[in-house]
Amino acid sequence: GSLTILATALIETGSRMDDVIFEEFKGTGNMELVLDRKLADRRVFPAIDLNKSGTRKEELLLTEDELNRVWILRKFLNEMNPLEGMEFLINKMRETKSNKVFLKAMSV
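For the sequence shown, the numbering used here assigns the number 1 to the initial residue and increments by one for each residue that follows.
Errors might be hidden in some of the hints.
Here are the simulated DSBU-like cross-link-like pairs (lysine-lysine), alpha carbons at most 35 Å apart as the crow flies [claimed, not checked]:
no.	residue 1	residue 2
1	LYS104	LYS75
2	LYS92	LYS57
3	LYS104	LYS38
4	LYS75	LYS97
5	LYS92	LYS26
6	LYS26	LYS75
7	LYS97	LYS52
8	LYS97	LYS26
9	LYS38	LYS92
10	LYS75	LYS38
11	LYS75	LYS92
12	LYS26	LYS57
13	LYS26	LYS38
14	LYS92	LYS104
15	LYS52	LYS38
16	LYS100	LYS57
17	LYS52	LYS75
18	LYS75	LYS100
19	LYS104	LYS26
20	LYS57	LYS38
21	LYS57	LYS97
22	LYS104	LYS57
23	LYS100	LYS38
24	LYS57	LYS75
25	LYS26	LYS52
26	LYS52	LYS92
27	LYS97	LYS38
28	LYS26	LYS100
29	LYS100	LYS52
30	LYS52	LYS104
Just so you know, the hints here were simulated from the structure itself, not pulled from any lab data.
Work out the full structure, taking the sequences as your base and the hints as a guide.
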């Protein structure tokens, strides 16, 4: 079986206890989605910091080809600031019919 828990954490509050609790839970999760207030303030949605977000054990979820293409995409996005990266991703995804077609466009 599996257990799915969706939780949020407010960090950088200045409280050492908040940091300790967050670090404890962070080590047990398998996916981390980091939101970016600057993107939200600029009305760019989803306001996700792509470089800080990710899934552990994605090699169990994707084929080898898909995984290679995701890594290429991440390396490319990592060269951009969060706003450029999210706008690029949104625009490219709008141009394709599915995630599979989108990933196929990534050169291996």
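Now the hints, each set against the structure:
1. LYS104 to LYS75: Holds, at roughly 16 Å.
2. LYS92 to LYS57: 25 Å, holds
3. LYS104 to LYS38: 30 Å, holds
4. LYS75 to LYS97: Holds, because 23 Å separates the two Cα atoms, which is no more than 35 Å.
5. LYS92 to LYS26: 31 Å, holds
6. LYS26 to LYS75: Distance of about 23 Å is within 35 Å: holds.
7. LYS97 to LYS52: 26 Å, holds
8. LYS97 to LYS26: 34 Å, holds
9. LYS38 to LYS92: 21 Å, holds
10. LYS75 to LYS38: 22 Å, holds
11. LYS75 to LYS92: 16 Å, holds
12. LYS26 to LYS57: Holds. LYS26 to LYS57 sits at ~15 Å (cutoff 35 Å).
13. LYS26 to LYS38: Cα-Cα ~23 Å, so holds.
14. LYS92 to LYS104: Satisfied, since the Cα-Cα distance of roughly 12 Å is no more than 35 Å.
15. LYS52 to LYS38: 14 Å, holds
16. LYS100 to LYS57: Status holds; Cα separation ~19 Å.
17. LYS52 to LYS75: 13 Å, holds
18. LYS75 to LYS100: Status holds; Cα separation ~19 Å.
19. LYS104 to LYS26: Holds. LYS104 to LYS26 sits at ~32 Å (cutoff 35 Å).
20. LYS57 to LYS38: 29 Å, holds
21. LYS57 to LYS97: 26 Å, holds
22. LYS104 to LYS57: 21 Å, holds
23. LYS100 to LYS38: Holds, because 30 Å separates the two Cα atoms, which is no more than 35 Å.
24. LYS57 to LYS75: 18 Å, holds
25. LYS26 to LYS52: 13 Å, holds
26. LYS52 to LYS92: Satisfied, since the Cα-Cα distance of roughly 20 Å is no more than 35 Å.
27. LYS97 to LYS38: Roughly 29 Å between the alpha carbons, so the hint for LYS97 and LYS38 holds.
28. LYS26 to LYS100: 30 Å, holds
29. LYS100 to LYS52: 23 Å, holds
30. LYS52 to LYS104: It holds: about 24 Å lies between the C-alpha atoms, which stays within 35 Å.
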